[in-house]
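Enquirer: Here is what each chain is made of, one letter per residue.
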Amino acid sequence: MTVAHPVGLTIRGGVKVYPGTRALKGVDFDLHMGAVNVLVGENGAGKSTLMKVIAGVESLTEGTLAMEGVVHNFRSKSDAVDHGIGIVFQELNLFPNLTVAENIFIAREPTRFGIDVDARAQTDAARALMKRLEQDIDPDAPLGTLRIGQQQVVEIAKALAQNAKILILDEPTSALSATEVEVLFRVINDLRAEGVGIVYISHRLEELIRIGDYITVLRDGVITGAQSMQGVDIPWIVRAMIGEGSKEFPRTEVANYGEEVFRASDICLPRLGGGFTVDHVSLSVRAGEILGLYGLMGAGRTEFLECIMAQHPLSSGQFFIAGKPLTEKDVTGRIARGLALIPEDRKRDGLVQIMSIRENITLSALDQFARLFHLDLRAELAGAADFIKRLTIKVASPENPVSSLSGGNQQKVVIGKALMTNPKILLMDEPSRGIDIGAKAEVFRTMRKLAASGLAILFVTSDLDEVLALSDRILVMADGRLTGEFSPSAGHAAVISAASRHKSKEVAA
Amino acid sequence: MTVKSDRTSLLLLLLRLRTFVALILVFAFFSYAAPNFLSTANAVIVSKHVALNALLAIGMTFVIITGGIDLSVGSIVGLCGMVAGWLMLNGVDLGIGYTVWFNTIEIVGIVALVGVLVGAANGLLITKMGVAPFIATLGTLYIARGAALLSSGGRTFPNLTGSAEFGTKSFPFIGTGTILGLPMMIWILIVVGLAAHYLSRRTTLGRHIYAVGGNERGAALSGVKVNRIKMFVYMFSGFCAALVGIVIASQLQASHPATGETFELNAIAAAVLGGTSMAGGRGRIAGTIVGAFVIGILSDGLIMMGVSSFWQTVIKGVVIITAVVIDQAQSKLQARVALQQEAAINK
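Chains as they are written, first to last, in this note's numbering: chain A, 1 to 509; chain B, 1001 to 1347.
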């Protein structure tokens, strides 16, 4: 097998240091040509870093990257492109307002005399590429009119147009429907037959086993398994991903839950182009309970929380708070009923960066400090100071802009803002994202304390350790649907395989 | 170390008060360079010139803080003047051989309502139809101006001196009268200015205006009713423009359909000069009023010095750009100081 698949790129002793973390700790990686090299690992294991190194987006702190015996140090993405390396990111980098052909040749347009864009040559080349990929896509169609799966093919064509010998696909199927996945796999098979070396990153384990020739498993920046796909099964991958002696988190508190305070019944959010982003989800949370909703990227968890907060007018289904239906149609009304959301993206959704710490904390609950319309600024400051103390937010002055705080303290400001509305149910989307370990532990302690005081918490995460450590009950979401319910004593393997369940595979099986 | 940080905080203070510093500088300069500049009579004249622009700029400031722009204010000034003139000269013909006439207070109320309605149209276009503020208000700029021209066929409504019979004798007082020696329009500016300042600093509505401009999505997720806030700022801007329209019609005792052309640009200039950020989220009413005074004193002072009006235009442009450049420097410095303070706490 090795003879048939020569190694086209090697990394030896690869180390990548970011401020505060070592993302890669001495990685040896071989990339086989004419084969699908599968890369798997939990979030934060170092997959993306490794791929960014190969694609020239980042460079190694230590170690070497060599192609056919020659050591390279790519300074930029275009440098890597010149060496025949193409990458298709999970978030597509395309222009919906331009045509397919224009997208493929963006910034490399064929020209006559260096000025006039040769539209016909461009269209012809794009048509040839589409033929090679066996796709019936009109090169002159505006990209925005294509389905996501077709857009992905255009992105692949773009890489091929730059003579990519190595093609990196980062979670290519996360937004695809089952039939689109089949199309993509056909394209991959063709490219493999043409001798292209493909790196394939995915969380969907069945998919990896189906398409992969070689597998590399990363855990905490270290390679824990690398071999040909023969003999590899899902339990093997899971073991390599999470290690043998998986950590145990003894629970100290005996849970004492109250009544059900929140129930979602049959929530659906249709997806553009068919299917559901949130697919008939029903769940309930009781007072004092921490319910962890685990799922991989694109599983629909964030969208589900957004449905609860009235962000998706197209969603259907019903919510109940303490048994009474939630009829309020806007965020203000839902906050008044006792819901509070701590969004995943602090910067974009959680905070008004240029406002002060005080103004951010009180933003959702200003009415508490207003008589008619007059704001009592002294009471407001006292209220903000109270929450700064209760949540031990470290601030020099509550009048400084919130953007001057560290990630962990910013997150606490968001939590403070939510708590100030006296919620009954706290919705937390990736509460530990982008904050350091110390702050993480503190946020978790805060969550425990809040639950102990009778608050119901529904939190979403893609971190397995986190969901097992923190939850009283775990629900797993995959592909928009709930695919499993576990107690916190459940094993890692069971939870992961529930989260990797993909519809296309189930149909096939 | 303390010396350095003292110097930084002094610099920061000066930068924060930059519009005020600029005001003192232009004032001092013209007191020295232009004879007669420093007289009570002149101060009143300058204030009257400034008051109208300041009124528009106050409304504009709220709009810009939400991240929008209102280009229609100049046209609303023109339209509202015409409405006032029409009501005084023609009344409202009910079509059954009977004409309704209004007294001064009723006329002021109706005209103010017209301004608020045009603002509401702007707001609806922006919130419900999703039209960009620049385009929506550009459209209403043309529509309102066209309506003003149509109302009189392009002619002036002359002799709005009022009649005792209809209770409009007091109409000229709005633009020409004085209370305690101060012209009416200065009083209007004081009242509107204080109310707007209070609104921006001490009310929920004011806080929400800043939040919408700072992060619209974040504000919405925090329960701020974004559309309602936007509706308010455009309606308030229309209201301010209506006041200016009435004052001018009353001052001239005539209304002309071209009144108010390019007023919107001066209002934007005053707001920006006063430290309002075009990106939204930042700005103060006091700053805007000081900014309007800087522009007003600058142009009146240059006239008194006999500087060509062509040069005045150039100088105005230079001052605005300088103000924004300094504004950028201040934001950066302020952010750095705050970061240092917070970093020190976390050590």
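I should point out that these hints are in silico values taken from the structure, not numbers from a laboratory. Just so you know, even glycine gets a beta-carbon here, dropped at the ideal spot from N, CA and C. Incorrect hints may have been included.
[Stated by the list, open to error] Covered, in the sense of this in silico footprint (three residues per stretch, anywhere, with C-beta under 8 angstroms from a C-beta of chain B), are these stretches of chain A:
hint, segment
1, 338 to 348
2, 354 to 366
3, 390 to 404
[Stated by the list, open to error] Chain B residues, not near chain A, derived (Cβ > 10 angstroms throughout):
hint, residue
4, Arg-1007
5, Asn-1036
6, Leu-1113
7, Phe-1134
8, Leu-1138
9, Ala-1147
10, Leu-1150
11, Pro-1158
12, Val-1191
13, Thr-1203
14, Ala-1211
15, Gly-1214
16, Asn-1215
17, Ile-1303
18, Ala-1338
19, Leu-1339
[As the list claims (entries may be wrong)] As a list, the in silico DSSO-like pairs of lysine-lysine whose alpha-carbon atoms are at most 30 angstroms apart:
hint, chain 1, residue 1, chain 2, residue 2
20, A, Lys-131, A, Lys-165
21, A, Lys-394, A, Lys-449
22, B, Lys-1225, A, Lys-347
23, B, Lys-1225, A, Lys-324
24, A, Lys-77, A, Lys-25
25, A, Lys-347, A, Lys-329
26, A, Lys-324, A, Lys-394
27, A, Lys-329, B, Lys-1332
28, B, Lys-1332, A, Lys-389
29, A, Lys-424, A, Lys-389
30, B, Lys-1332, A, Lys-347
31, B, Lys-1225, A, Lys-424
32, A, Lys-329, B, Lys-1128
33, A, Lys-347, B, Lys-1128
34, A, Lys-394, B, Lys-1332
Enquirer: Next, verify each hint and record whether it holds.
Expert: Here is what the structure says about each hint:
1. 338 to 348: Our answer is that it holds, as 3 residues pass the Cβ test (under 8 angstroms) against chain B, meeting three.
2. 354 to 366: holds (count 6)
3. 390 to 404: holds (count 8)
4. Arg-1007: 19 angstroms, holds
5. Asn-1036: It holds; Asn-1036 (chain B) is separated from chain A by about 44 angstroms at its closest Cβ, greater than 10 angstroms.
6. Leu-1113: About 22 angstroms separates Leu-1113 (chain B) from the closest Cβ of chain A, which puts it past 10 angstroms; holds.
7. Phe-1134: 20 angstroms, holds
8. Leu-1138: 23 angstroms, holds
9. Ala-1147: 34 angstroms, holds
10. Leu-1150: 39 angstroms, holds
11. Pro-1158: Answer for Pro-1158 (chain B): holds, closest chain A Cβ roughly 43 angstroms.
12. Val-1191: 17 angstroms, holds
13. Thr-1203: Violated: least Cβ distance 5 angstroms, not greater than 10 angstroms.
14. Ala-1211: Its Cβ does come within 10 angstroms of chain A, the nearest being 5 angstroms, so this is violated.
15. Gly-1214: Label violated. Min Cβ-Cβ 4 angstroms, cutoff 10 angstroms.
16. Asn-1215: 4 angstroms, violated
17. Ile-1303: Its Cβ never comes within 10 angstroms of chain A, the nearest being 39 angstroms, so this holds.
18. Ala-1338: With a cut-off of 10 angstroms, Ala-1338 (chain B) comes too close to chain A, as the shortest Cβ separation is near 4 angstroms.
19. Leu-1339: At about 5 angstroms from chain A, Leu-1339 (chain B) fails to clear the 10 angstroms cut-off, so the statement is violated.
20. A:Lys-131 with A:Lys-165: 18 angstroms, holds
21. A:Lys-394 with A:Lys-449: OK: Lys-394 (chain A) and Lys-449 (chain A) at ~19 angstroms, within 30 angstroms.
22. B:Lys-1225 with A:Lys-347: Within the cut-off at roughly 20 angstroms; holds.
23. B:Lys-1225 with A:Lys-324: 24 angstroms, holds
24. A:Lys-77 with A:Lys-25: 23 angstroms, holds
25. A:Lys-347 with A:Lys-329: 25 angstroms, holds
26. A:Lys-324 with A:Lys-394: 39 angstroms, violated
27. A:Lys-329 with B:Lys-1332: 40 angstroms, violated
28. B:Lys-1332 with A:Lys-389: 29 angstroms, holds
29. A:Lys-424 with A:Lys-389: Distance ~21 angstroms between Lys-424 (chain A) and Lys-389 (chain A) Cα, so the pair holds.
30. B:Lys-1332 with A:Lys-347: 19 angstroms, holds
31. B:Lys-1225 with A:Lys-424: 22 angstroms, holds
32. A:Lys-329 with B:Lys-1128: 16 angstroms, holds
33. A:Lys-347 with B:Lys-1128: OK: Lys-347 (chain A) and Lys-1128 (chain B) at ~26 angstroms, within 30 angstroms.
34. A:Lys-394 with B:Lys-1332: Status holds; Cα separation ~23 angstroms.
Taken one by one, the earlier hints fail for this structure at numbers 13, 14, 15, 16, 18, 19, 26 and 27, listed in ascending order.
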